Amino acid sequence: MRRSDRYRYPIIMTVLVLLQFTLRSHLGGDRVAPDFLLLALLIYTIRAEPGKSAAAGFMIGLLRDAMTVVSFGAGALAHTIVGFASSWAKAVFFAEHVFVKGCLFFAGTWLRNFIILAVSGKLQGSQVAWELLVWSPLQGLTTALVGVVVLWFFRGWLSPRRPGALGMPA
Amino acid sequence: MAIGTDRYASRADTLLFLACVGLSIAALSLPDQWRDPLAQGLRQSVLAPFLFLQRQTEMLAAARYRYDDVVAQRDSVALAATFLPELRSENARLRSLLGLGQRLGSGYVPAEILHQPEPTNPLSFVVSAGKKEGVRQLSAVVSPEGLVGLVASVDEHTSVVLSWAHPEFRASAIATDGSVVGIAAPHGAEGPKVWLLELQGVLYRTRVPNGTVIVTSGLGGVFPRGIPIGTVIDTAAQVQGWGRTYLLRPAIHPAELSHVMILTTPRPAGSDLRNAFTVPQDSLPPGEPPR
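Residue numbers (numbering that gives the first Met the number 0), protein chains in the order written: chain G, 0 to 169; chain X, 0 to 290.
Among the hints, erroneous ones may be present.
Some chain G residues flagged as far from chain X (calculated, every beta-carbon gap over 10 Å) [stated by the list, open to error]: (1) Y6; (2) V14; (3) F71; (4) E95; (5) V99; (6) A106; (7) P136; (8) T141; (9) V145; (10) G155.
With the C-beta cut set under 7 Å, the calculated list includes, among others, these residues of chain G facing chain X [claimed, not checked]: (11) L18; (12) F20; (13) E48; (14) A53; (15) A54; (16) A65; (17) L76; (18) T79; (19) W87; (20) F153.
Just so you know, these hints were derived from the structure itself, not from any lab. Nothing here was measured: the structure is a model prediction, and the numbers come from that model. By construction, the Cβ of each residue, glycine as well, lies at the ideal position given by its N, Cα and C atoms.
Model the full structure from these sequences, guided by the hints.
This is the structure we're talking about:
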């Protein structure tokens, strides 16, 4: 990790977290607005190892579960899987193209929503279909869009430096 | 972990992932009495500053919306306040019109003036009463203050009124004490005194003091006797032949009116309507005894 990353990287993560609690509610419907917290996790997973990504996902998911106790633990599980899978997929594909990262954000958002829906079992029938076929893709789209903008804007700060990827020595 | 886990994720990563999954499943299976305190503890500790931030943001947004509402309400009140004097004035006029109706007794029709934007509107205007309401041609049109004009033509439900400001308007006039007789007519269509009346044909030897109230004389059968026309304010610039001409300040300007009363029934001979109208109290100059 570069010396300057010590400050820049947490700043971006902090900004995304703050945006989640300040700006998000003003960006349209709750089911469509971009998920800045998940975006922070996904950006983190680009650089971090899968284990740390899973742990970070678990923490974020658990905190989110504390705010929506309808299915406590579902968010933790979903974010854990998404964090690990994102980091693992990034290591497998290792594409630095911005479109691939956008697809990663989109897929991560949709997968997170899918796991929560599947594990919690609170919605049924057409509600699940609407969530998975309409709302989740829309949220994934907005999240991916914001993610691409963030990556482009801070491209100098967020370039991946992960030792050990593709079996490279740490 | 057969799919190359050792290559793309270390054993520690895998173990950490499995631990997290296990903890998540454990959280899922927590009973309510354990789950709720845990969630509450997280909300009151780690999440507290973020929830506070979110609450403040929502309050800020709500305050902005409320500010817009307050500004809109203030603007509406300000707009309504601008119409308040006009409404009060109209209310007072309607009350005085009602008072005139009581004093006149019967034989009148109230009508609303249908104002038009044309500049000639004060000379001739349409009122909302016609044949069906009993209005006839040459009926006198009055307001609580005095004479407004006469009906020039009548339709089914509307009438055209010729106001005293019309160049062709004439009315036989007399002073309230009967000392002066003349013809009331509009002063002219030009100059600063355009909206004044003049009392023509006053005998040369008769001096009319300022402040004298001039009313209709009842001669000619068009206007009943005693309707205030105006108040003498000056002599006219020219003295013609053996008669004098005086300037009158009209009892009422047509543009100030919104409602009028049309006298429909001919009054009996000798009747005087003077007491039915509001004679201006400041008609006489200070120090001059009323005539």
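Hints, verified against the model:
Every CB of chain X is more than 10 Å from the CB of Y6 of chain G (nearest about 21 Å), matching its label as outside the interface. Taking the minimum C-beta to C-beta distance to chain X, about 13 Å, the non-interface status of V14 of chain G holds against the 10 Å cut. Its closest Cβ contact with chain X, about 5 Å, brings F71 of chain G to no more than 10 Å, contrary to its assignment away from the interface. Every CB of chain X is more than 10 Å from the CB of E95 of chain G (nearest about 17 Å), matching its label as outside the interface.
Non-interface status of V99 of chain G relative to chain X is upheld: no Cβ of that chain comes within 10 Å, the nearest being about 16 Å off. Every CB of chain X is more than 10 Å from the CB of A106 of chain G (nearest about 17 Å), matching its label as outside the interface. Interface exclusion of P136 of chain G from chain X stands, the closest Cβ pair being 25 Å apart, more than 10 Å. Look at T141 of chain G: its CB is around 19 Å from the nearest CB on chain X, clear of 10 Å, so calling it non-interface holds up.
Consistency note on V145 of chain G: stated as away from chain X, and its beta-carbon is indeed over 10 Å from all of that chain's, at 18 Å minimum. Taking the minimum C-beta to C-beta distance to chain X, about 27 Å, the non-interface status of G155 of chain G holds against the 10 Å cut. A cut of 7 Å between beta carbons decides the hint on L18 of chain G: the least distance to chain X is about 10 Å, and the hint is violated. Checking F20 of chain G against chain X: minimum C-beta separation of about 4 Å stays under 7 Å; hint holds.
Proximity of E48 of chain G to chain X holds as hinted, the smallest CB-CB distance being about 5 Å (cut-off 7 Å). A hinted interface residue such as A53 of chain G counts as satisfied when its beta carbon comes closer than 7 Å to some beta carbon of chain X; here the least separation is about 4 Å, so the hint holds. Checking A54 of chain G against chain X: minimum C-beta separation of about 6 Å stays under 7 Å; hint holds. Taking 7 Å as the C-beta cut-off, the interface hint given for A65 of chain G holds, the closest approach to chain X being about 4 Å.
Proximity of L76 of chain G to chain X holds as hinted, the smallest CB-CB distance being about 4 Å (cut-off 7 Å). Evaluation of the T79 of chain G hint against chain X yields a held restraint, the C-beta minimum of about 4 Å falling below 7 Å. Interface hint at W87 of chain G: satisfied, since its Cβ lies 6 Å from the closest Cβ of chain X, which is below the 7 Å cut-off. Taking 7 Å as the C-beta contact cut-off toward chain X, the hint placing F153 of chain G at the interface is violated, the least distance being around 22 Å.
Of the numbered hints listed earlier, those contradicted by the structure are 3, 11, 20.
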